[in-house]
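First to last, the sequence lines map onto chains A and B.
Here the numbering used here is used: the first residue of the first sequence is 1, the next is one more, and so on.
Here the numbering used here is used: the first residue of the second sequence is 1, the next is one more, and so on.
Derived by calculation from the structure, the hints in this document are not laboratory data.
Honestly, I wouldn't trust all of these hints.
Same chains, same names: a pair is fine if it fits in one copy or spans any two.
Stated by the list, open to error - Capping the alpha-carbon separation at 25 angstroms, the derived lysine to any residue pairs in SDA-like fashion look like this:
#, residue 1, residue 2
1, 70, 224
2, 70, 95
3, 70, 226
4, 70, 247
5, 70, 368
6, 70, 396
7, 70, 30
2 protein chains.
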Amino acid sequence: MGPGPINADPRVLRAMSAALVGQYDPVMTGYMTETQELYRRVFRTANDATLLVDGTARAGIEAAMVSLLKPGETVLVPIFGRFGHLLAEIGERVGARVVRLETEWGRVFDPAEIEAALDEHRPRMLAVVHGDTSTTLAQPLQDLGPMCRERDVLFYTDTTASLGGNVFDADGWMLDATTTGLQKCLAGPSGSSPITLSDRAARVIGARRSVEAGIAAEGDAVGAPDRIRSNYFDLAMILDYWGPRRLNHHTEATSMLYAARECARILVEEGVDAAVERHRLHGGAMAAGLAELGLELFGDQAHRMNNVIGVRIPDGVDGDAVRGELLMDYGIEIGTSFGPLNGVVWRVGVMGYNARRDTVLTTLAVLEQVLRRHGVRAGGGVDAALDSYAGAARDSEHASGDDGRGEGTPSELHAEPVT
Amino acid sequence: MGPGPINADPRVLRAMSAALVGQYDPVMTGYMTETQELYRRVFRTANDATLLVDGTARAGIEAAMVSLLKPGETVLVPIFGRFGHLLAEIGERVGARVVRLETEWGRVFDPAEIEAALDEHRPRMLAVVHGDTSTTLAQPLQDLGPMCRERDVLFYTDTTASLGGNVFDADGWMLDATTTGLQKCLAGPSGSSPITLSDRAARVIGARRSVEAGIAAEGDAVGAPDRIRSNYFDLAMILDYWGPRRLNHHTEATSMLYAARECARILVEEGVDAAVERHRLHGGAMAAGLAELGLELFGDQAHRMNNVIGVRIPDGVDGDAVRGELLMDYGIEIGTSFGPLNGVVWRVGVMGYNARRDTVLTTLAVLEQVLRRHGVRAGGGVDAALDSYAGAARDSEHASGDDGRGEGTPSELHAEPVT
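Isolated chain A (complex conformation) (with noise of 0.2 angstroms):
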């Protein structure tokens, strides 16, 4: 129940364990092309260009920005935790000059900040993660895609942490680039990052195209002008080992697509939205249990993910103790965070094949014990969580006849049982 990695789906599992086929075999490649269209689904995009990243989801990142970005291009990161800094390190790394424009941990920005800064800036590339789990928050994308394409900036987002638990629409908010990573509400383990670019940012990358020099044809570009500047991840190279022309760069890791179509069929047989739902609902019930155990709970709540929720840790408690005890005597794990949060919050992930009715009112029945123990009068979350499942049911049925949700957006009504 920690902020994920998480356990994975049993499926996923099960899926790893299948036999290897060869790279170049009709099975391999039919799987390959099955999880491009999985993930376009995921995703909600048309994009060609959607596929794997063979690395952790920070590989998808690394990947996006060094392909996209030349050295000496602006990239602008608007930061609000651990994750933006990620982005802006990256950047710098790639050599790309990096704006960054920063606020508190705990907040996100209001999208004319951002647009005064792509005014100002005039940058290449706007980057941004979704959901930043170092603080709980995702940023609202959707008013950010028309800016940039006004302005011809790629608008790339990292969604590890929100994507399957979140509204999520890649081609509906006019992303140029999208990254994720399995070990959160996809249900599997880290080690392989999908990604899915615009035809515009396909045309970007493919003016840098290059071919091996051990594995070129007459007529092959060896060494492009702007070559990309790593050869892992080269997505020009990448889209022409998923393309038609499977034209040999790294083998691919075959049990790691296994576990990446895997999560995505799991996925897209519950139904996206229905995934999104559940998550609103199980993390709704878990914010109401924790906020009635007295724990208060960190950051602008209405634009928590709906996933992972933060606390503060109540003042005298040791944080590092509660944690070890409900790892070590329940089986438990939930997280703490990084940098200005380390220590400070407790951070309980409600996610992917957790996202249940019994893991979050066993979590709840649990962690009150151990805070009592720890001289922590709490009580009645358990019934604050049976009490918001009760609400929502009732929300459901009067809702029956339209999509299920009312009229909010689901950010502002998962926040609805801890107001």
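Following the hints, complete the assembly by docking chain B onto the known chain A.
Below, chain B alone, put in the same frame as chain A:
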């Protein structure tokens, strides 16, 4: 039976279906420590800095080169096949000055040629693949270590194609950096890259150490003067994650760690020497059988890897049609090669879980049938392989009392059945 990836050992597949644990769970950190110790035995090293890079084999290559080489430094790359070209290209991409030393595909370098180039170009690093699967040959490395040490040159090799199936000795050969992958003789899936660094190399990398802004504590250097040009491949950061400080970098790819750990456990249980001998035995039988079928063995057989055999595709035979029939009618995959050898040679792998008597004999029996249908009067391959096995058994009896290998090096011995 291709040049890799090959089908994994079922134990490795089962290991990947184990439940995930949190990245700071004592079980997980215990597995990390155990995996480091196992790979010290596989690489034959006492290097403290022995760990996994989360990506395919070329992720390990890029991590080593980008972390060890500063922009503008010179790297000497002897090239005897596709993967030498890859090292050179990655060297260029990380900003190094690359000096290429090329030889025709099908031979390796005399150490004196490399020594002369070291003196002429005075590089910071010598980067050479151990076994280049594209040509099936292995470069002898044992003489190069002292040459590098005398000249204060960092000595790096990639052993993706060779480790576990050919004699290798990281410390005895004075290597500063060695990288590998799981998908060849280690009998696992692609997607994790074990790597080991000498103390000297670890110091070079440590001098470039920085800490991410989002997780820095007081006194941490957030931006080092020679900061490594990649975050994902920053081995200083990855060492902080694998070391006692356990400073968060990426989220370890847990299932791939389980796979890498199981690959090494299997190898260490068998004994690394015994595994090399097994590859020599079955590779030798396969080579004898292929030669008897009338196929010309490709390249300098005195320096062939134990685990992969190249043969020239007979004149007038459609190499891809033969490979297609083997795959679709018999479920047996073999490879062709890259660049100048694409469509010119077939490559037959005998490695990892596939280095067995039944796989060798079945492949030869089936290949004979397919060759005949393509008009090649082939025969006797199975008999030659059986003779090779019988000869090896007699040698083994005669040699009882010594180490069973006679006086020759494995690479000399393995060629015997085909001369």
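Hints that the structure is at odds with (numbers, increasing): 5, 6 and 7
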